[in-house]
Amino acid sequence: MLIQLLNGVVYGGLLYLLSVGLVLIFGLRQVVNFAHGALFMIGAYIGYSVAAAGSWWGGLVVAVVAMAIAGCVLDATLFRALRKQDHIVTVLVTFGLLLILETLVTVIWGKAYLRYPMPDLLSGTVDIAGSPFPVYRLFVIVVSIVVALSLASWLRFTRIGLYVRAASTDARVTSIQGINVDRLSLIVVGLGTALAGLSGVVAGPLLSLSPTMGNYILIDSFIVVVIGGMGSFGGAFVAALLIGQIHNFGAIYLPWAGTMLPLLLMVGVLIWRPTGLSGART
Amino acid sequence: MTLAIQGIGLTRRFGGFTALDNVDIAIRQGEIRGLIGPNGAGKSTLIDVLSGRARNPGGQVLLNGVDVSRLTPQQRRKRGMARSFQRTNIFPELSVEQQLRIASWAVEDADTDEVMDELDLRALADRPAAEISYGDQRRLDLALALVGRPRVLLLDEPAAGLTMEESLDLARILRDLANRWGVTVLLVEHDMQVVFSICDQITVLHLGRSLSEGSCAEVRANPTVIAAYLGTEA
Amino acid sequence: MTVAAGDVAPRVKTRRGTPLLLVLGVAALVAGFTLPWIAPSKVAMSLMAQSLFDALLATSVGFLVRQNGRVSFGQAAFFGLGGYVFAILVARSLVTPEVALVLALAVPTLVAFLFGLVVARVTGVAHAMLTLAIGQALYEIAFRWRELAKGDDGMSFDLPARLFGLPTRGLQDPAVMVVLAWSILVVALLGLKLFSQSRTGQIAAAIRDNEERARFIGFSTTLPRALVYAIAALIAAIAGTLQATYNGYIAPQMFHWSLSGAALVMAIVGGAKFIVGPAIGAIVLFYIKDLAGQFAEYWPAIVGTVLVVVTLVMPEGIVGLIKRIGGLGQRR
Numbered sequence: 012m013l014i015q016l017l018n019g020v021v022y023g024g025l026l027y028l029l030s031v032g033l034v035l036i037f038g039l040r041q042v043v044n045f046a047h048g049a050l051f052m053i054g055a056y057i058g059y060s061v062a063a064a065g066s067w068w069g070g071l072v073v074a075v076v077a078m079a080i081a082g083c084v085l086d087a088t089l090f091r092a093l094r095k096q097d098h099i100v101t102v103l104v105t106f107g108l109l110l111i112l113e114t115l116v117t118v119i120w121g122k123a124y125l126r127y128p129m130p131d132l133l134s135g136t137v138d139i140a141g142s143p144f145p146v147y148r149l150f151v152i153v154v155s156i157v158v159a160l161s162l163a164s165w166l167r168f169t170r171i172g173l174y175v176r177a178a179s180t181d182a183r184v185t186s187i188q189g190i191n192v193d194r195l196s197l198i199v200v201g202l203g204t205a206l207a208g209l210s211g212v213v214a215g216p217l218l219s220l221s222p223t224m225g226n227y228i229l230i231d232s233f234i235v236v237v238i239g240g241m242g243s244f245g246g247a248f249v250a251a252l253l254i255g256q257i258h259n260f261g262a263i264y265l266p267w268a269g270t271m272l273p274l275l276l277m278v279g280v281l282i283w284r285p286t287g288l289s290g291a292r293t
Numbered sequence: 008m009t010l011a012i013q014g015i016g017l018t019r020r021f022g023g024f025t026a027l028d029n030v031d032i033a034i035r036q037g038e039i040r041g042l043i044g045p046n047g048a049g050k051s052t053l054i055d056v057l058s059g060r061a062r063n064p065g066g067q068v069l070l071n072g073v074d075v076s077r078l079t080p081q082q083r084r085k086r087g088m089a090r091s092f093q094r095t096n097i098f099p100e101l102s103v104e105q106q107l108r109i110a111s112w113a114v115e116d117a118d119t120d121e122v123m124d125e126l127d128l129r130a131l132a133d134r135p136a137a138e139i140s141y142g143d144q145r146r147l148d149l150a151l152a153l154v155g156r157p158r159v160l161l162l163d164e165p166a167a168g169l170t171m172e173e174s175l176d177l178a179r180i181l182r183d184l185a186n187r188w189g190v191t192v193l194l195v196e197h198d199m200q201v202v203f204s205i206c207d208q209i210t211v212l213h214l215g216r217s218l219s220e221g222s223c224a225e226v227r228a229n230p231t232v233i234a235a236y237l238g239t240e241a
Numbered sequence: 008m009t010v011a012a013g014d015v016a017p018r019v020k021t022r023r024g025t026p027l028l029l030v031l032g033v034a035a036l037v038a039g040f041t042l043p044w045i046a047p048s049k050v051a052m053s054l055m056a057q058s059l060f061d062a063l064l065a066t067s068v069g070f071l072v073r074q075n076g077r078v079s080f081g082q083a084a085f086f087g088l089g090g091y092v093f094a095i096l097v098a099r100s101l102v103t104p105e106v107a108l109v110l111a112l113a114v115p116t117l118v119a120f121l122f123g124l125v126v127a128r129v130t131g132v133a134h135a136m137l138t139l140a141i142g143q144a145l146y147e148i149a150f151r152w153r154e155l156a157k158g159d160d161g162m163s164f165d166l167p168a169r170l171f172g173l174p175t176r177g178l179q180d181p182a183v184m185v186v187l188a189w190s191i192l193v194v195a196l197l198g199l200k201l202f203s204q205s206r207t208g209q210i211a212a213a214i215r216d217n218e219e220r221a222r223f224i225g226f227s228t229t230l231p232r233a234l235v236y237a238i239a240a241l242i243a244a245i246a247g248t249l250q251a252t253y254n255g256y257i258a259p260q261m262f263h264w265s266l267s268g269a270a271l272v273m274a275i276v277g278g279a280k281f282i283v284g285p286a287i288g289a290i291v292l293f294y295i296k297d298l299a300g301q302f303a304e305y306w307p308a309i310v311g312t313v314l315v316v317v318t319l320v321m322p323e324g325i326v327g328l329i330k331r332i333g334g335l336g337q338r339r
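Chains as they are written, first to last, in the numbering used here: chain A, 12 to 293; chain B, 8 to 241; chain C, 8 to 339.
So that you can see chain A by itself, here it is in the shape it has in the complex (with noise of 0.2 Å):
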């Protein structure tokens, strides 16, 4: 049993790392990004590339590194263009560019299942209440709480993370006295990319990889996203955690049910919560 929710706290670790990124896209630039998932999916690839060539911590650095400079691209050239777009405007061109990487994933890597393997010193497994756990899964647990507190931190003691708490609640605050706007923007989506090529990265070893990996964790990041309320950091924690749980025990005890349980459990709190848990602006 308590394996089992540990399990539950893996997934919605790496739901949390994506769906944070979202959030904070979503904040600074309005910006609905169902590219993500691609980007979770390119982070992947390219750390078990590195891997492969010898060094799995390089790949961790090399991705999570590549993942940021492309969320400062793509932030500079098309999230500031769409900044004053409907959020449909958006929603449509990343799932454009959602097409465009899938594709470039299959032409440098196939459309193989890849196994991605896992770093010796975290290979092996320990005793938990009596039954033997991976480490590798602790650690996708430790860095995904390592990264909710330095996130929840930086968000509440410094004054950039003010701002971004500020702008992701109210769409209408826009500039704060002496804060450039677009830079910290560069900053705040390169961030975003980064935590979903980590997420990548550390999901890797778990999931096989496929040009498709990222599209169901992205459906499920979303899912978060929205249950959480959109442009909630906590309510995304908390929606994480949830929705992790109810998908490991949903595939043991309704696999039947498969993946629709967490769609389910969004339609159920949007009926009753329009605006999400936390009640935040949609």
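Hints were generated in silico from the structure; no laboratory data involved. Do not take every clue at face value.
[To be verified] Think about it this way: if two alpha-carbon atoms lie no more than 25 Å apart in a straight line, the pair counts; the simulated DSS-like pairs of lysine-lysine are:
{"#": "1", "chain 1": "C", "residue 1": "Lys-49", "chain 2": "A", "residue 2": "Lys-95"}
{"#": "2", "chain 1": "A", "residue 1": "Lys-122", "chain 2": "C", "residue 2": "Lys-296"}
{"#": "3", "chain 1": "C", "residue 1": "Lys-200", "chain 2": "C", "residue 2": "Lys-280"}
{"#": "4", "chain 1": "C", "residue 1": "Lys-200", "chain 2": "C", "residue 2": "Lys-330"}
[What the hints assert, rightly or not] Every beta carbon over 12 Å from chain C, so not counted as near; a handful from chain B, in silico:
{"#": "5", "residue": "Gly-22"}
{"#": "6", "residue": "Arg-35"}
{"#": "7", "residue": "Ala-224"}
[Claimed, not checked] Calculated Cβ distances over 12 Å to all of chain A for the following chain C residues:
{"#": "8", "residue": "Val-30"}
{"#": "9", "residue": "Lys-49"}
{"#": "10", "residue": "Leu-139"}
{"#": "11", "residue": "Met-162"}
{"#": "12", "residue": "Arg-176"}
{"#": "13", "residue": "Val-183"}
{"#": "14", "residue": "Gly-198"}
Beta carbons: idealized from backbone N, C-alpha and C, even for Gly.
Got chain A sorted already, so can you dock chains B and C onto it with the hints?
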């Protein structure tokens, strides 16, 4: 004289903040009532409560003596209560004529020509509302509320952003229509010149409560009103 | 009641528009009978039929964008539902073929209406996710419930010999199907045009434009929106039933979100602001894809690029572009 619209014990809370605190208001048929008060006094909130925009407010709203508190905005509109908005609230992609025509369908296919003529929109009939000037948009906003000659009209700063000349023009049209069509008007307005020139009675709101009520002269002379509000402008 | 002649002109124009529309429609229907002769081969005819199914599905999702201002990533739900209801009822002989056909159209329409009542108020990403949810939910059911229709493998079925007294053999002949699908598309487009000119259609447009104000001028906003969902679903269901009939085969992919996404792209590329836009977008993209056969591997990237460019540079799509060029010509 019969009361066209009456609010009893109207209350509206947002979390711990009370925007409207047990306000009573009663407006006679054909009267133009001014609603004034400093920012945050609860003027827009009062209009929202009367028109049904505010969800689950406290108190009762009577329209011609009938309790409409539980009716939706669309039901209230069909019974003769219309409103305009502080921020221009029109249909940007529809033409002026088309949106007025659509508005008329909700009120038994009322005549739209008369409002177009009264508010001088005829020349703009085929233009999409997004393309006409701000002053024209404000008049269109008012026209949408006036289709079908509503019995009660709630206006939330209809002259906001207009020039002095345009505001006085609008005031004149309002006074004229209220007389001829027998419309009862509740008018929120910051411009005292407009308020004093057309209102029969004035209600002063302050911090969500009704501070004073009376004729223009009475309100102007009331020391509490001067202290709370007018004093700063006079 | 004395009004200057210039003032009534726009109203007269819309009244005169309807007969003109009917003439155009009849002409288009007649033209449809030439399609089998235009196509150089059976294969080409078959492709043509497939492009028309796409055109109907794109019209369906485009209508939702146009009338409700909402994007859907789940319109394939109603496409698949139409096909599945028809195929399953026919294959198991549960009801007469006629009743099966009626149910294949009525069930998705009703489901969409109820869905519309619930989600009418939901906007933005949440709306996109909800539409995705309904499509994926049905996909999962079709995929996993093997007893229903052989799950992942899909299910072949035999058409009933007769439908409404007519022999059904022709329904799997591309020459017949092309004419039938074309005629249905023409009638559907006409119907949508008439709907958008009707009172309900105009009220729905007003609600899309400004929902709050629509309520304050006296309209309930949920019902017209739900009606638009229902009409859009009916068209998707027709497309799904046609495709199932033509192929004699159904598979869970009919529900998949990639199909919904593709239909949405077709609609946007063609120009969702116009009723004919999505159908034109579907047919254009279908044939570009066919021509790009050797680059099939890169097809999603091509579509993605087209989508990005169209959305940013020509938001009114192909039809908007044609109209703009035409407009320039007239002014000169």
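These are the hints, each one checked on the structure:
| no. | hint | verdict |
| --- | --- | --- |
| 1 | C:Lys-49 - A:Lys-95 | violated (49 Å) |
| 2 | A:Lys-122 - C:Lys-296 | holds (20 Å) |
| 3 | C:Lys-200 - C:Lys-280 | holds (12 Å) |
| 4 | C:Lys-200 - C:Lys-330 | holds (17 Å) |
| 5 | Gly-22 | holds (22 Å) |
| 6 | Arg-35 | holds (24 Å) |
| 7 | Ala-224 | holds (34 Å) |
| 8 | Val-30 | holds (35 Å) |
| 9 | Lys-49 | holds (31 Å) |
| 10 | Leu-139 | violated (7 Å) |
| 11 | Met-162 | holds (19 Å) |
| 12 | Arg-176 | holds (39 Å) |
| 13 | Val-183 | holds (35 Å) |
| 14 | Gly-198 | holds (25 Å) |
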